[in-house]
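Order-wise, the sequence lines are chains A and B.
Per my numbering, residue 1 is the first one in the first sequence, and the count goes up by one each step.
Per my numbering, residue 1001 is the first one in the second sequence, and the count goes up by one each step.
Hints may be right or wrong, so weigh each one.
Said to hold, decoys possible - Facing chain A, a subset of chain B residues (Cβ under 8 Å, in silico): (1) 1072; (2) 1101; (3) 1138.
For the record, the hints were derived by calculation from the structure and aren't laboratory data.
Here the structure is a predicted model, which is why all the values come from computation and not from measurement.
We put the CB at the ideal spot given by N, CA and C, even for glycine.
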Amino acid sequence: MTILTQLKEQITAQLPKLDMVIGWEQGYDALHATPLFMRAAEDVERLQIGPLSVHNTATYLTGLRNKKVGLVVKGCDSRAVVQLQQEGLIDRENVVVFGFPCDGVADLTKVRRLIGDVGRVEEVETTPTELRLRVDGREEQVAMSDVMADKCRRCQYPNALVHDHFAGKPREPHATSDDYTDVQEFESQSLETRFEHWKSEMSRCIRCYACRNACPMCVCRDHCIAQSRDPHWVTQDDMVREKWMFQVIHAMHLAGRCVECGECQRACPVDIPILALKRKMNKEIKEVFNYDAGVDPQAIPPLLSFQVEEENINERGW
Amino acid sequence: MPALAGKELRIVGFLCNWCSYGGADTAGVGRFSQPTDLRIIRVPCSGRINPLFVAKTLLSGADGVLVSGCHPRDCHYAEGNFYARRRLEVFKRFLPTMGIDPDRFEYTWVSASEGQRWQKVVTTFTEQIHKLGPAPRFGFAHEQNPATAAAC
Ligand code: SF4
Ligand code: SF4
Ligand code: SF4
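Just chain A, same shape as in the assembly (with noise of 0.2 Å):
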């Protein structure tokens, strides 16, 4: 048995229970998948999961609270709903958790730029090692080592952290550390050329918050401080510094919170790299609290505790 019907078994037999479950299913073409919101049994043929299922499952789960909901994840997805449970802002015995072994998702921004815009994408076939495009007509290959996203790469934990069923055994980690080259290797540049590249990248942002709303660890939804004009964090100027301080918001905002599960970056119709701030945060948090988000049900999130004497923090002598 596949682990594609295992799961669809698994999910059609807990679906009376519940009031829906989330996954994935084929979007606008071959290559674009899009949620699927499984409610009846039916639905559940539609469900597909592989390199192209790279959406945050657990995004929406805070809107739905009080409901039954059921979840298919990816373990980069898992871990939101262990932070999500950690925080107190979903209730667990309300959630069901599908799992299943991860191999990594397509970065499409990378199939894009090696194949160019394309178009409409009629059929994808996916091997282990590659993905097949059939486009009007012809056929396009690209080695999935080409167009694994980042995060897949270093991935520590590709089974779900947490689960109710799983499908499948679970795999062998895609790595067994992040030492944060991508950070140091930016951070090698000048001061200069750091504050030119964000103010040339954030020239380019359009400010439409899909970096926000794709973000499972955002949850503030309509009560954002990006759009509050009391107090007026940022303004309605179309200027860099606006844009660029709703990064820095962002970025705050999930320190110590953040699952890196790139979303945010996905999601910029613009491809804005904004990951690489978060990516910094994290290594931050990851040095000075040895913390990893997302990771333990029972931790307490770094910046909502304190020590009396901090080990690694060393304070101006002046």
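Guided by the hints, dock chain B with the ligands onto chain A, whose structure is given.
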């Protein structure tokens, strides 16, 4: 050209009401000479200081930001500065990735009786900011938007 252009830089200080603001007052009453670049904003507690205050201040054109509260274990509200310490430390470490020199921001502790210590903190921090010079700026709104810049 303003009289002090080229001499003074824009430094903003967020001081807690109970200790550091008192410390600054003590320094003033004691007539300790201090650089005049610092503009002080009084807040109830260092725990009230959202690191985003510092971010907004820096992105709005300040050359330096100083936060000062009660010494650890001496917070008027018992724990405010313990939470502040974690948040501010994380924020300070975040600055380099933005391309902002982390030395433009410091947080420290000064009690109400430490007039002399306050004088030293202000002097040291002001000197540090003068060494760095004015912070990089964004330019005017129309320069920040390629579309409108082209139209100008
Ligand atoms: S980060 Fe891990 S769990 Fe998430 S998609 Fe990649 S391989 Fe799967
Ligand atoms: S900030 Fe980005 S990477 Fe972090 S949890 Fe939110 S969407 Fe995921
Ligand atoms: S998703 Fe991209 S364009 Fe939209 S607000 Fe976020 S950074 Fe800006």
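Hint-by-hint comparison with the structure:
Satisfaction of the interface hint for residue 1072 of chain B is found here, the shortest Cβ-Cβ separation to chain A being roughly 7 Å, below the 8 Å cut-off. A cut of 8 Å between beta carbons decides the hint on residue 1101 of chain B: the least distance to chain A is about 6 Å, and the hint holds. Interface hint status for residue 1138 of chain B: upheld, as the beta-carbon distance to the closest one in chain A is roughly 5 Å, under 8 Å.
In terms of the numbered hints stated before, the structure departs from none.
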